[in-house]
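Reassemble the complex: the two chains are provided individually, in unrelated frames, and hints are given to aid placement.
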Amino acid sequence: MKLFKQSKSFWFFILLSLAAFGIIQALIITGMLNGFYVNTIIFVAINIILAVSLHLIIGITGQFSIGHAGFLAVGAYASAIITMKLQLPFAAAIIVAGLTAAFTGLLIGIPSLRLKGDYLAIATLGFGEIVRIVLLNVDYVGGASGMQVSHLTTWGWAFTCMLIAIIVIVNFTNSTHGRACISIREDETAADAMGINTTLYKVVAFAIGAFFAGIAGALYAHNFYIIQPSNFGFLKSFDILIFVVLGGLGSLSGSVIAAILLTIISTFLQEYPETRMIIYSLVLIVTMLYRPQGLMGTREITSLFKKRKAAEGGTQDDSKHTVA
Amino acid sequence: MELVQQLVNGISLGSIYALIALGYTMVYGIVKLINFAHGDVFMVGAFVGFYAIKILELSFFPALLISMAACALFGMLIERVAYKPLRNATRIAALITAIGVSLLIEYGVIYARGAQPEAYPGDVLPKETIDIFGLSISSQSLFILGVSVALMVILQFIVHKTKIGKAMRAVSYDAEAAKLMGINVDNTISATFAIGSALAGAAGVIFGTYYIKIEPLMGIIPGLKAFVAAVLGGIGIIPGAMVGGLLLGVIEALVSAFGYSLWRDGVAFIVLILILIFRPSGLFGKNIKEKV
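Chains A and B, in that order, give the protein sequences. Numbering follows our numbering, in which position 200 of the first sequence is assigned residue number 200; successive positions increment by one, without gaps. Every position in the second sequence, counted from 1, becomes a number in our numbering once 1000 is added.
List time: in silico SDA-like cross-link candidates among lysine to any residue, alpha-carbon distance up to 25 Å:
| # | chain 1 | residue 1 | chain 2 | residue 2 |
| --- | --- | --- | --- | --- |
| 1 | A | Lys236 | B | Leu1033 |
| 2 | A | Lys116 | A | Phe103 |
| 3 | A | Lys236 | A | Val38 |
| 4 | A | Lys116 | B | Asp1174 |
| 5 | B | Lys1213 | A | Gly233 |
Derived by calculation from the structure, the hints in this document are not laboratory data.
The following block holds chain B by itself, in its conformation from the complex (with noise of 0.2 Å):
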């Protein structure tokens, strides 16, 4: 019984590396950058829900709709001023300025308001626990996971349904050729962030909901489990990224109750190390072969 609570808690854990990992990959799909910068994203989603449950003092939902307005605009904002002038630079020039982006807006937010920790209200969600077949499960923990379900299955109607994402998946296929197309490019690149932002901040808030405390550079190991989490399921593949979120959180959630808590963040480490040996296309992904 203790198990099946633990996977139930990896689950939930894994809903939210799998809506960080959704941002990674998709930025990654149209622009082949690893935005460094995407798990502060995720620290400045907290922030702002923050903000908006303790000093407007409005509830959940609400929240997170501000949460991933103001992130959607933060991450176009991020990609006009940083990223897009290096469209055509070296990768690792790319790389560099991500990490770049990254210390900035960690430092930044620690510059503004300091490095001390905050504590979400305990009681934005309603805390129950629910009794089913003798296995005792909160409230949070599936409700958490039905938004993150929910956030999901909205970014796979954008994605396959609407205009904009069938000119994401045109521009992630070919840029050259979706210009050509009369695709703007550079919009379609804003939308990705925009969206892969807004995934961030909701769940930075939803984060902040589960754990309670938040900090400036809270979003560097959820981040880099989630960059993870999108190499696992195969990056550039959006179902790649739910799948391999959901898998790191729950591998995680098993070394904790096998009683390896301190290792647990060495774990996703080792995973990412060993797909990368075995199999650097991802659970998902198809190898490529190098042309010269």
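Next up, chain A with everything else stripped away, as it sits in the complex (with noise of 0.2 Å):
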């Protein structure tokens, strides 16, 4: 009964996204959106990709990574040597940019995700800085010039790595092993005593993110002309860091609206960069002091809709901790 119940909520999801995929889709083909607009709905699109990926990794298992754009940077690149040199389809491209990625995720992560909060945090951004710099000094893929990439992206590819990362997501986070992933976020040495694997948990939640941060690095790159070394460096990463937290910490739907609001914001502000980070660094430091879990903490949209569950208790929606 409670199956048939969450299926049914899944076809609606499903439903109504193919819904707003087939409206943008129409507007687009009818040219009512220029190509300002086509392109700011595929960036939000890339964007909630890589929000949802990092939130697998710090909203869920509670590991703190700042060096997502990392994985943004290995992707994009492995994309690009798949479609500009080697001349093969773009599909090709996005998958293997997406087991690329999710590959360097479980080399950094199984030395890495021994550490723990704040010294994982700064292994992160040391990996993230490693990788920016072996790519500024590889000559095949163009150092710090970057390399030439087509134009491949379009809404529905980006729609559709989006649902997918999205399904994968909410279905990893409500299977046993998601549950274990929140286990460690809550408490780890607590999940470590009661038999779970934390170690492989953390390893596999870090490669699921890593791999579908790697598929937004193929639609990031195949969307500009161009890709430059410069583009994946540590403010990438805050810009994806700020999804997550803003949304709040352990809330899926949470870092997707972000993902939206923000994107849209900055792209109004993109003629005045400072102000844009100005206000960014504002809404992070003001988010921590007076709502440090976020716009909506650990709980979803959906629960919102939803009284009735909740008070059946169970789901991971009514947890009040925010990530320790």
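Next up, the structure:
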């Protein structure tokens, strides 16, 4: 019964998003949206993928990673090599980008996830910088001047990848494995004592997050005409981090909403980059001072409509804890 | 001979890292917070020193003192406004706030004066080459080393021989107990920020006179590397930060000397990750078992 109920809301979500897709696609085909808006919408989709992938690492598993732009960079360059150097189709590029980033995630995750809290944050930041410096020094991918990439990202690709990312991460969160990850977030020592293989789950969450960041990287690279190592610095990681923090550490819908809002705001502030960064940093500080759990806390937007289910308990929606 | 000269350069650079790292380590020791904004205090220090030299036409030492004083006040202000309300919040919340403060300072400075770089006047310090045993060492390198060492000696004196230093050590050991013993914890934490920031300000002026070019985003990389230095020496341990800074400077100089200067920035992070994996408590740190 419960299963049927869950799948009903699931299909409702799919229908709703397909309808949204159809409307926007129709608007694009009829030319009612000009290039600027189409670009913004694609960018929103890419940022949603990035936000949910980091949400899995920080919000669900509680591992504070601030080098997410590193995975974005790996995905972007891997996909650019596939399409530009090897002349393979874009679909292959997206998959290869995801797999390469996931592999990098494993490589980075296995040693560094033994660290905790601040140390992990600094280690991931260091890895992000190392990725950038390596790309800067490899002539095959153009060094500092970067790589020319043809424009292949369409609204269809961006939407499909976004939908897959959200469905996979929602289902992962609600599975046994996802619950194990949440238990690590709440208390790693206790989770360990309960027999959960904390290292395994941390690495798995990290790799899945990296996989989707890599896919976002493929879309990102093929949405611009050029990619450079300087696009993937610490500030880019920070851009992604603020989606998750503002939306609520532990709330998928929160990070999606934050990604949509902030992408639109930053598009309009494009001509004033300093103002944009000042607003971003003030938002971050004020959020932490007055609402450290973020806009949504660990609640999901669906829980606003489902009071009854929350009363029954047992979902992750009603946990009152924030990431420690 | 080339190698020895590179080593001297490395030690000069390392002493700048060490000065910044001291601020990181002291703040971490006392409030367990990675003060991301510390690298930006260093940048502000460099700019205050620049304006003191250029507009007020002061010489090196008055500029250094003005910059240290300004940074001390600035550091205290940051602590009071942004970090104090979060003293009982989660570590992640404090860390995110620190990142926010760092960006606010960087882009606040860009907003206020633009992103264009400035150049320190070249005649602030006498520029001579001294020959010792056939090595030519610039007097600037020696001078920088001398100033840094003097500042570190003063710091050691403050921490170990004065009342405020004793209070700082007490608060970092056990803040609750220190409070019960009548130590004003808030003021002690402010003093720690002030001293750490003053050292960063001094490092900023020294950096400016040595490397000439300063810009609003100059604090990010030295800040991160100084943090690496602090972790290398064992975070929270003052002599560790000094040794870590010098060591990191020398490692970078050696990497440059062997012709991999483009990889220099990467090496610091590789050192960081190796140290975090193999000896997370740093060279001087003790291992602490986690308790439930």
